[in-house]
Amino acid sequence: MKQRIGIIGVGVTGFHTVSPALSFKEMTYSAAVKAYLEAGLQPGEIDSFVTASEDFLEGYSIFDEYVPDQLGAVMRPVHTVTAEFLQALGIGCMMIQTGHFRTIAVEAHSKASNVKTLDEVRAFAFDPVYMRPLKESAEFLAGLEMKRFLESSGNSERQCAAVVVKNRKNALNNDLAAYGALLTIDDVLQSPPVSVPLKHLDIAQRADGAIVVVIASENEAKALSKNPIWIDGIAWCSGQGNPWCRDFEEAEYAKRAAEKAYAMAKIAHPRKELDFVEICDEYSYKELQHLESMGFARKGEAGDLTESGATAIDGELPVNPSGGSLGVGHTFEASGGMKLCEAVFQLRHQAGKRQIKNAKRALVQSWRGVPTATGTVAILSNE
Amino acid sequence: MGYRKVAIVGAGLTKFVRRAEETGQEMAYLASKMALDQAGLKLKDVEMVTVGSAPDAFDGVHMKGEYLLSGAGGNGKPYIRNFVGGGTGVFAPIHGWMHVASGACDVCLVVCSEKMSSCHPHPQGAFLTIFDHTTEQPLKPTLIWIFALEMRRYMETYGLTKADVARVAVKNKNNALDHPSAHVAEAVTLEDVLNSEVLAEPVNRLDISPSSDGAAAVVLASEEVAKRLTDKPVWIAGVGWNLDTAYWATKDLYYPRYVEKAARMAYEMAGITEPHKQIQVAEPYDPFDYKELHHMEGLLLCERGEAARLTAEGYTARTGNLPICPSGGALGVGNPISATGLMKVIEIFLQLREEAGKRQVPGKPRVGLAQAWGDLMQVGTVIVLKR
Amino acid sequence: MKIDQVPMKGLTSEEYERAIKIKWQPKLQYAWDNGIAIGKYLAGLKEGKILASQCIKCGRIMLPVRSFCELCWRPTDGEVEVKDTGVINTFAICHVNWDASRLRPDEPRHIPAVIEIDGASKGQGIMHVIGNVDPKKVKIGMRVRAVWKPAQERTGTITDIIFFEPY
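Quick note, the sequences are listed as chains A, B and C, same order.
Just so you know, we're using the working numbering here: the first sequence kicks off at 1163 and counts up by one.
Just so you know, we're using the working numbering here: the second sequence kicks off at 11 and counts up by one.
Just so you know, we're using the working numbering here: the third sequence kicks off at 153 and counts up by one.
These are calculated hints, taken from the structure and not from any lab test.
Careful, some of the hints might be misleading.
Said to hold, decoys possible - Heads up, simulated DMTMM-like pairs for lysine to aspartate or glutamate below, C-alpha to C-alpha not over 25 Å straight-line:
#: 1; chain 1: B; residue 1: Lys150; chain 2: C; residue 2: Glu305
#: 2; chain 1: C; residue 1: Lys173; chain 2: A; residue 2: Glu1282
#: 3; chain 1: C; residue 1: Lys161; chain 2: A; residue 2: Glu1298
#: 4; chain 1: C; residue 1: Lys179; chain 2: A; residue 2: Glu1469
#: 5; chain 1: C; residue 1: Lys289; chain 2: B; residue 2: Glu316
Said to hold, decoys possible - Reference excerpt, derived from the structure (chain A facing chain B, CB under 7 Å, subset only):
#: 6; residue: Asp1217
#: 7; residue: Phe1218
#: 8; residue: Glu1227
#: 9; residue: Tyr1228
#: 10; residue: Met1237
#: 11; residue: Val1240
#: 12; residue: Gln1249
#: 13; residue: Gln1259
#: 14; residue: Cys1399
Note that the Cβ used here is the ideal one computed from N, Cα and C, for glycine as well.
Given the sequences, and given the hints that come with them, work out the whole structure.
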């Protein structure tokens, strides 16, 4: 990357199945206070603010109206992207690289529990002419992709189940997580079918939570922080926008974004050079597909890798030590933010029972979920 | 440190119509294709794409940005949607500026597409949910409420009459007669505006811009690429944006202080110290006629409370000292929210290149400005362009 | 390329009627968490009180209740009861419904207003509606008071105040 960007403050609430005690403003405020405290900045000292949200997940038209107060950003340059947290972070990095901004706060949150017709909202993202009249749910498309991915790659449903078992177990060591559990492969395989081969336990359950992160230019980060975590590369990409144009075999968005991020961070051998990864596992098969698309395993080998224990927290390449979306809870536009926070804690060696020894470099990745083909990849390091 | 310069090298604009035959994706395609053709580029030359579009509730699609992706040329590319309500149309090229100025790419496509006619029974219905769900929505507010409240406060503060404000609608609707994209091009008189249906006093129907379908696009390029592509690049000299509190009823609506803050940010970047002298043509956002006056004042293009008098004196006419909304603005060309803002940027682009045809303002302007506004009387977005 | 040759076709009403259309009415239901501050505000309304938050740092008494002062960036210092009277900051006389359909001639006009509440800091207003008045007589600066629903009918919502009336 032309100029490295430093993460100098993260604020994260816990993740919960419901969060009635706090409004979204109050939840976000508590995350912002933590992030600004770590950064040693008052909100008035932060040059600009980027927030990530989607109107229908909030139940508002023009949700960006409601973002400034809880960030201490009234009468300041604030803007919203209808994107996932990591993409907003990428925009924040760009802003710093223009040379006009030194520090940026990035925010995303989930109040998924407030959406009483969440499945209906998600299906409302389908093309109104070509897909919506079929009256299918969002999981229909995920099941369709899972089927094609498994058949074309040779990975198995059992291997997908191993992802679920691993991530939910990892979450038991994460105090922020909502869905830690000890499951067996058979528990997953026998869970009710949703959109065959997709089963109930293959799908990450929803959670509420908020994340605020403060980033700074390299010089500013060194001046402000004793232990900045560096963003060595960050890139996003979309595949085919219309689902009926996709091949459903590999995750084109993840592949292209990773290629760019690796080039920025000068990474030639991702599996060797990265100490752990936090990647999108909204559905179990997505973890395998993403691992293969980003070059951590050859086609059809991500499942074997998982079954061998190589992606466990004590394995050769820990994948989702936080517990991932499956274990922590899926937070929609905030999901990559949760994963970024885990990477920051690990790289600062503050991850407690989950700490990966000598972790120096990590990859964080997100996907915007059904029916999109948009995702982001970031490479972080602590030196 | 030396900043990367960014230029607009091509623009595309569809007709603004009440009900488009095309889908949102197709509209985005038409505008994008036109912008690329003008820049002499192919889609493969575009490295990144940013899209602006107003609420998903208009089109009736969740994650509207992802839905528009294929039409906006985003397949296989880094693609993102920016969204600051009604301010989006001018923010979108600011977002594109970030992409190029940062060095992330040399060519960025900026697209704004808005299909409001999909929302039934009326796109107004989508605006109920802009108000606070707990403390305001139970009152069943309409969008016009908030404008009428602000318009009355503004008029009362400066002792303005309905006619003082309506002259803006007359000027802009007549300017739009020369705009090929215009939704309803009709010559209107002051009496027409004053006698049009009363919707929410003090707002009459012709005080308001029509809801339209439409799309616009621009291609942004780095200095080196821009100089290769055109001998008439128009440079993005300054950008600014600002968001005020969501507690809109706790501030005095007579003056848009957030617009002033956004303008000052853009002026500082552009080295503009006396905007009323240095800005030679401007396109402030005019979804309602009083808004043009309000925004002229917020943009420091005149003293507070003076905008109506200047309008009456012809100062803001196309041939006046400071032409305001020579395009015809939202009032005349139509108001497909995000596409309107970008239409305004495109108008300044054309004016500075002296390619605005019958709408060309005299005096070979070299510095112009476009501005949009949005949310609950909250957000100002400003871009300063230089030849 | 000629910017004057703009594409796209607008449908006439007749063409629109003939066109094949797909209709979709989404089921969108939300139950928003009020949290600490708005929860107290609504509980106050149920008791027939308007509550505001105070911040001892900037000295503001703010409406509606909020748990942090967005300007001083610190938690607020508790709630105070303000009066249920105030002054009209601005108002409108509205002849249309929220979906842009027109009110019938015999229906009462809606009169939304921003009301600066007595006891709150200057400029701290709320949006509500004005009632029990000839619309022609409403003026900026007019004093108004809340007309509450009877206690047993109040549910903890902003419409527990039916409207504000001049007095």
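message: Check whether the Cα positions of Lys173/C and Glu1282/A lie no farther apart than 25 Å.
response: 21 Å, holds
task: Tell me if Cys1399/A is really an interface residue toward chain B, meaning its C-beta lies closer than 7 Å to one of theirs.
output: Holds, about 5 Å.
- prompt: Given Val1240/A was flagged as interface, is its beta-carbon under 7 Å from a beta-carbon of chain B?
  reply: At about 4 Å, which falls below the 7 Å cut-off, the nearest Cβ of chain B leaves the hint on Val1240/A intact, so it holds.
- prompt: Are the Cα atoms of Lys150/B and Glu305/C separated by 25 Å or less?
  reply: 19 Å, holds
query: With a cut-off of 7 Å, does the beta carbon of Asp1217/A approach a beta carbon of chain B closely enough for the hint to hold?
result: 5 Å, holds
message: Would the hint on Glu1227/A be counted as holding, given a Cβ-Cβ threshold of 7 Å to chain B?
response: Holds, because the Cβ-Cβ distance from Glu1227/A to chain B comes to roughly 4 Å (cut-off 7 Å).
Pair hint outcome, Lys161/C versus Glu1298/A [Cα-Cα no greater than 25 Å]: 32 Å, violated
Interface restraint verdict for Met1237/A against chain B (beta-carbon cut-off 7 Å): 6 Å, holds
query: Between Lys289/C and Glu316/B, does the CA-CA distance stay at or below 25 Å?
result: Distance ~29 Å between Lys289/C and Glu316/B Cα, so the pair is violated.
task: Sort out whether Glu1469/A lies within 25 Å of Lys179/C, counting only the CA atoms.
output: 41 Å, violated
message: Given a cut of 7 Å on the nearest C-beta pair, is the interface hint for Tyr1228/A held or broken against chain B?
response: At 5 Å from the nearest chain B Cβ, Tyr1228/A passes the 7 Å test, so the hint holds.
- prompt: Holds or violated: is the Cβ of Gln1249/A closer than 7 Å to a Cβ in chain B?
  reply: 6 Å, holds
Of the numbered hints stated above, those contradicted by the structure are hints 3, 4, 5, listed in ascending order.
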